[in-house]
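In terms of the UniProt record's numbering, the sequence shown has 62 at position 62, counting the first letter as 1, and numbering is strictly consecutive.
You may find that some hints are simply not true.
Simulated pairs of lysine-lysine, PhoX-like, Cα-Cα distance not exceeding 25 angstroms [said to hold, decoys possible]:
{"hint": "1", "residue 1": "K119", "residue 2": "K67"}
{"hint": "2", "residue 1": "K13", "residue 2": "K49"}
{"hint": "3", "residue 1": "K73", "residue 2": "K101"}
{"hint": "4", "residue 1": "K101", "residue 2": "K80"}
{"hint": "5", "residue 1": "K13", "residue 2": "K2"}
{"hint": "6", "residue 1": "K80", "residue 2": "K104"}
{"hint": "7", "residue 1": "K13", "residue 2": "K67"}
{"hint": "8", "residue 1": "K119", "residue 2": "K104"}
{"hint": "9", "residue 1": "K67", "residue 2": "K80"}
{"hint": "10", "residue 1": "K73", "residue 2": "K49"}
No wet-lab data here; the hints were simulated from the structure.
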Amino acid sequence: TKRGLEQDNQAVKESVQTVSVVEGGNLTARITANPRNPQLIELKNVLNKLLDVLQARVGSDMNAIHKIFEEYKSLDFRNKLENASGSVELTTNALGDEIVKMLKQSSDFANALANESGKLQTAVQSLTTSSNSQAQSLEETAAALEEITSSMQNVSVKTSDVITQSEEIKNVTGIIGDIADQINLLALNAA
Numbered sequence: 001t002k003r004g005l006e007q008d009n010q011a012v013k014e015s016v017q018t019v020s021v022v023e024g025g026n027l028t029a030r031i032t033a034n035p036r037n038p039q040l041i042e043l044k045n046v047l048n049k050l051l052d053v054l055q056a057r058v059g060s061d062m063n064a065i066h067k068i069f070e071e072y073k074s075l076d077f078r079n080k081l082e083n084a085s086g087s088v089e090l091t092t093n094a095l096g097d098e099i100v101k102m103l104k105q106s107s108d109f110a111n112a113l114a115n116e117s118g119k120l121q122t123a124v125q126s127l128t129t130s131s132n133s134q135a136q137s138l139e140e141t142a143a144a145l146e147e148i149t150s151s152m153q154n155v156s157v158k159t160s161d162v163i164t165q166s167e168e169i170k171n172v173t174g175i176i177g178d179i180a181d182q183i184n185l186l187a188l189n190a191a
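Could you build the full structure based on these sequences and the hints that come with them?
Set out below in structure tokens:
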């Protein structure tokens, strides 16, 4: 009948429009016109079920999902999909949240590392200053020992005592030199 053909034509026309809307990214569109032809009714029902599955598995708005993916590709994880209900939408939001959490942890770790690095640098500078001061003191001590040795060589009265004392002083100098070497090694290792 003519009325049945008009219903079928209207249903086909709306189906084409619905497909066009879906192609535009809107997965909430459905065919609402009721055709008269049983095959067109079945086609309408199958297409609507397909759209139901797509909306449940993906989400409502493909354009919004695509926009978020583009932001993620640009390493911008600030935005989320509003009113997420489809699996892809929910997973996308969860993934974004997890990435933001990981980035925050990395940032906190980097800040803590920078802080500790600053403390270490201060300690190394302090140790270097202390080492240099000790090295200077050791040089002064060595110079004083040389003067004492020179003076002792000029004294002939207590030659044997002076020689013994001189040997002891040289041993002390060696120990001090060993200590200085150890301190310098420690300073180098700390740096």
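Checked hints:
no.: 1; hint: K119 <-> K67; in the structure: violated, 44 angstroms
no.: 2; hint: K13 <-> K49; in the structure: holds, 19 angstroms
no.: 3; hint: K73 <-> K101; in the structure: holds, 17 angstroms
no.: 4; hint: K101 <-> K80; in the structure: holds, 14 angstroms
no.: 5; hint: K13 <-> K2; in the structure: holds, 16 angstroms
no.: 6; hint: K80 <-> K104; in the structure: holds, 17 angstroms
no.: 7; hint: K13 <-> K67; in the structure: violated, 30 angstroms
no.: 8; hint: K119 <-> K104; in the structure: holds, 23 angstroms
no.: 9; hint: K67 <-> K80; in the structure: holds, 10 angstroms
no.: 10; hint: K73 <-> K49; in the structure: violated, 32 angstroms
Violated hints, in rising order: 1, 7, 10; the structure is consistent with all others.
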